[in-house]
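J.: First residue of the sequence shown: 1, per this note's numbering; consecutive thereafter.
Think of the hints as simulated: they come from the structure by calculation, not from any bench. Some clues are possibly wrong.
Unchecked claim - No farther apart than 30 Å at their CA atoms in a straight line, the calculated lysine-lysine pairs in the DSS-like style are these:
hint : residue 1 : residue 2
1    : LYS130    : LYS194
2    : LYS21     : LYS194
3    : LYS301    : LYS19
4    : LYS301    : LYS194
5    : LYS21     : LYS229
6    : LYS19     : LYS138
7    : LYS229    : LYS194
The structure presented is a predicted model; accordingly, all values stated were derived computationally and were not measured.
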Amino acid sequence: MLLLIAVAGVALLLLGVIKFKMPAFIVLLLVSILVALAAGIPIQEVAGLVTTGMGGTLGSVAVLVGLGAMLGKVIEISGGAQVLSTRFTALFGPRRVIAALTTAAFLLAIPVFFDVGFIVLVPIIYGFAKALGVSPVKIGLPVGAIMLAIHVVVPPHPGVVGGAEILGADIGWATILGLAFCAPLGVLSYFAAKRINRREIPMLAETAEQFESFGTAEGDDGAVATKTKAPTSSMVISMILLPIVMIMLGTVGGSLVPAESTAANFLGFIGSPSVALLVTVLVSYYLLGVRSGWSSEQTGKVMDSALAPAAIVILVTGAGGVFGKVLTESGIGTVLAESLAEAGLPIIVMAFVLAAILRASQGSATVAIITTTGLLAAAVEAGGYSTVQTALILASVGFGAFGLSHVNDSGFWIVTRFLGLSVADGLRTWTVLTTVLGVAGFALTAITYAIITAAGV
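With these hints in hand, go ahead and build the complete structure from the sequences.
T.: Listed below in structure tokens is the structure:
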């Protein structure tokens with residue numbers, strides 16, 4: 001019954017958004033309430049569940065999207081995105097720009113959470129798309145997909161780190177294997193996205209309008225904001241790398257000093273994504289704004305102009321979090337996982353299937369990884385698996401949580417809204433691409449596991 005309720009909820013959501021063209025924010029909230037009631041959650045708890053789901057998602061997303069949008073806007077309007085895209089196009093040639101940016105995204109994603117890294121790269125994606133005369137989705141799909149691959153299998157991201165702790169997997173081996181598997185997935189991401197993008201995909205009207213006006217900004221008097229000089233490409237790259245370096249300092253540096261020490265607390269503070277982005281926005285306010293010829297008032301108006309479009313992304317993402325919270329609290333994912341756990345599949349296959357089911361049922365890749373490793377912990381402990389085998393089981397869990405990104409996943413809404421994809425086109429492109437890469441990653445993991453097992457390693 002719970003499974004039927006979940007399927008009916010997703011179907012109703014898709015019907016409202018795709019068929020009747022209703023706002024995704026409203027449909028997500030309505031379907032979340034209906035699913036909660038149908039699943040037996042007491043009526044007096046439903047409103048609180050909606051608030052909790054919205055708040056839990058926005059607590060991590062709203063600040064990042066808001067600051068990321070401001071940073072992106074000042075890079076865009078200052079001419080920084082155009083300067084960088086022109087530089088890269090001249091350096092690599094038009095045909096290799098997308099591959100170059102996908103490679104850069106692979107490296108940037110290692111220390112940075114998926115949503116932060118993607119939001120920071122949005123103005124660069126737009127700038128490159130403008131320079132090449134293509135839709136942003138042709139660049140954004142492979143970039144987003146490889147960043148998500150890193151997020152689910154490579155430490156220090158929270159799902160894989162938490163899963164390693166639960167299974168007793170070695171973080172070093174998890175890192176080595178995760179990077180080794182993600183490298184060929186980066187190549188596959190580029191070519192698979194290229195195939196998916198063979199047809200022209202229409203952009204949502206509001207995103208198309210933003211993209212068409214990309215690189216210009218109008219003040220209250222209707223005058224286009226002008227500058228005395230454009231930033232250099234090295235300055236723009238510095239603005240992109242600054243939050244990533246700060247986050248890396250917090251992650252890597254924090255592990256090199258005693259826990260709970262003053263140094264560890266300070267590194268943790270400056271390495272938090274919200275603080276790193278806030279510092280970067282302030283630096284860009286001066287370097288890309290005031291120092292480059294804008295008045296303080298003009299710079300402020302440019303940054304403020306980023307918040308209205310960002311509000312749509314924030315609210316829809318929060319509503320997606322509500323839907324995921326309802327599916328989790330209703331016990332749908334747990335019931336499915338426990339049923340599968342009794343099926344007697346090989347543990348490397350079980351790890352992938354359980355994580356995939358949990359990912360599809362409640363949306364969060366991190367929750368899917370943590371829940372799956374919790375369900376498998378006793379079996380792994382009793383199985384006497386080697387260090388490498390345990391790390392491969394963890395990788396299988398991560399790749400299971402990679403695919404099937406759809407309407408209950410906040411990342412789905414971030415990617416589709418910034419790239420201007422409708423829900424239907426998002427399912428045909430982003431959902432398909434993440435699923436293909438997740439299956440390919442599992443195939444690599446399973447083959448390696450078979451070789452390692454046969455060799456007795």
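J.: Would you mind marking each hint as holding or not holding in the structure?
T.: Verification of the supplied hints:
1. Simply put, LYS130 and LYS194 have alpha-carbon atoms about 18 Å apart, close enough for the 30 Å limit, and the pair holds.
2. Only pairs whose Cα atoms come within 30 Å are accepted, and LYS21 paired with LYS194 is accepted, the gap being roughly 28 Å.
3. Between LYS301 and LYS19 the alpha-carbon distance is near 38 Å, which puts this suggested pair outside the 30 Å criterion.
4. Among the hinted pairs, LYS301 with LYS194 is inconsistent with the structure: their alpha-carbon atoms are about 37 Å apart, more than 30 Å.
5. Of the pairs offered as hints, the one joining LYS21 and LYS229 is violated, with about 44 Å between alpha carbons and a cut-off of 30 Å exceeded.
6. Using a Cα cut-off of 30 Å, the hinted pair LYS19 and LYS138 holds, with the two alpha carbons roughly 25 Å apart.
7. About 36 Å separates the Cα atoms of LYS229 and LYS194, which puts this hinted pair outside 30 Å; it is violated.
In the structure shown, a violation is registered for the earlier hints numbered 3, 4, 5 and 7, in ascending order.
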